[in-house]
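Enquirer: Based on the provided sequences and hints, a complete structural model is requested.
2 protein chains.
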Amino acid sequence: MMITLHVEGMSCGHCVRAVTQAIQALDPAAKVEVDLAAKMVKAETGLARDAVAAAITGEGYKVA
Amino acid sequence: MMITLHVEGMSCGHCVRAVTQAIQALDPAAKVEVDLAAKMVKAETGLARDAVAAAITGEGYKVA
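Chains A and B, in that order, give the protein sequences. According to full-length UniProt numbering, the first sequence is numbered sequentially starting from 1. According to full-length UniProt numbering, the second sequence is numbered sequentially starting from 1.
It should be emphasised that the hints constitute simulated quantities derived from the structure, not laboratory data. Keep in mind that the hints are not guaranteed to be accurate.
Mimicking SDA-like on lysine to any residue, the simulated pairs with C-alpha atoms at most 20 Å apart in a straight line are [unchecked claim]:
id: 1; chain 1: A; residue 1: Lys42; chain 2: A; residue 2: Gln24
id: 2; chain 1: B; residue 1: Lys39; chain 2: A; residue 2: Gly9
id: 3; chain 1: B; residue 1: Lys62; chain 2: A; residue 2: Ser11
id: 4; chain 1: A; residue 1: Lys39; chain 2: B; residue 2: His14
id: 5; chain 1: A; residue 1: Lys39; chain 2: B; residue 2: Gly9
id: 6; chain 1: B; residue 1: Lys39; chain 2: A; residue 2: Lys39
id: 7; chain 1: B; residue 1: Lys42; chain 2: B; residue 2: Arg17
id: 8; chain 1: B; residue 1: Lys42; chain 2: B; residue 2: Cys12
id: 9; chain 1: A; residue 1: Lys31; chain 2: A; residue 2: Thr4
id: 10; chain 1: B; residue 1: Lys62; chain 2: A; residue 2: His14
id: 11; chain 1: A; residue 1: Lys39; chain 2: B; residue 2: Ser11
id: 12; chain 1: A; residue 1: Lys62; chain 2: B; residue 2: Cys12
id: 13; chain 1: B; residue 1: Lys31; chain 2: B; residue 2: Glu44
id: 14; chain 1: A; residue 1: Lys62; chain 2: A; residue 2: Ala29
id: 15; chain 1: A; residue 1: Lys39; chain 2: B; residue 2: Lys31
id: 16; chain 1: A; residue 1: Lys62; chain 2: B; residue 2: Gly13
id: 17; chain 1: B; residue 1: Lys39; chain 2: A; residue 2: Ser11
id: 18; chain 1: A; residue 1: Lys62; chain 2: B; residue 2: Ser11
id: 19; chain 1: A; residue 1: Lys39; chain 2: B; residue 2: Cys12
id: 20; chain 1: B; residue 1: Lys62; chain 2: A; residue 2: Gly13
id: 21; chain 1: B; residue 1: Lys31; chain 2: B; residue 2: Glu59
id: 22; chain 1: B; residue 1: Lys39; chain 2: A; residue 2: Cys12
id: 23; chain 1: A; residue 1: Lys62; chain 2: B; residue 2: His14
id: 24; chain 1: B; residue 1: Lys62; chain 2: A; residue 2: Cys12
id: 25; chain 1: B; residue 1: Lys39; chain 2: A; residue 2: Gly13
Expert: This is the structure:
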């Protein structure tokens, strides 16, 4: 399932990595794309949307 | 010696950590302060200014 979330606060490549790794910690097979300019995270994963959102907020970002 | 550098491209807490750790990898006793808003890195260290600058540029930031 493709999950798309709007995420506030991501600013650099380290943020991309932190978000990607947080999602992949829950689903190592997840494919994650982060668009900093658009403030969008797209994850192709079997995880529930809430789980993906929780992984992102756990890194200190705000899921809008 | 206190070394103060103007650094472009630091945007978040991950950047602060990356810069701090890069300097402390060369001098574990270095005291590093990063002011994101002012784009300033201050390091109390025995390292040469060039070494501190090289550590920062090695992380992908621009020393002005």
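Enquirer: In ascending order, which of the hints set out earlier in this document are inconsistent with the structure?
Expert: Checked against the structure, the hints that fail are numbers 6, 14, 15, while the rest are satisfied.
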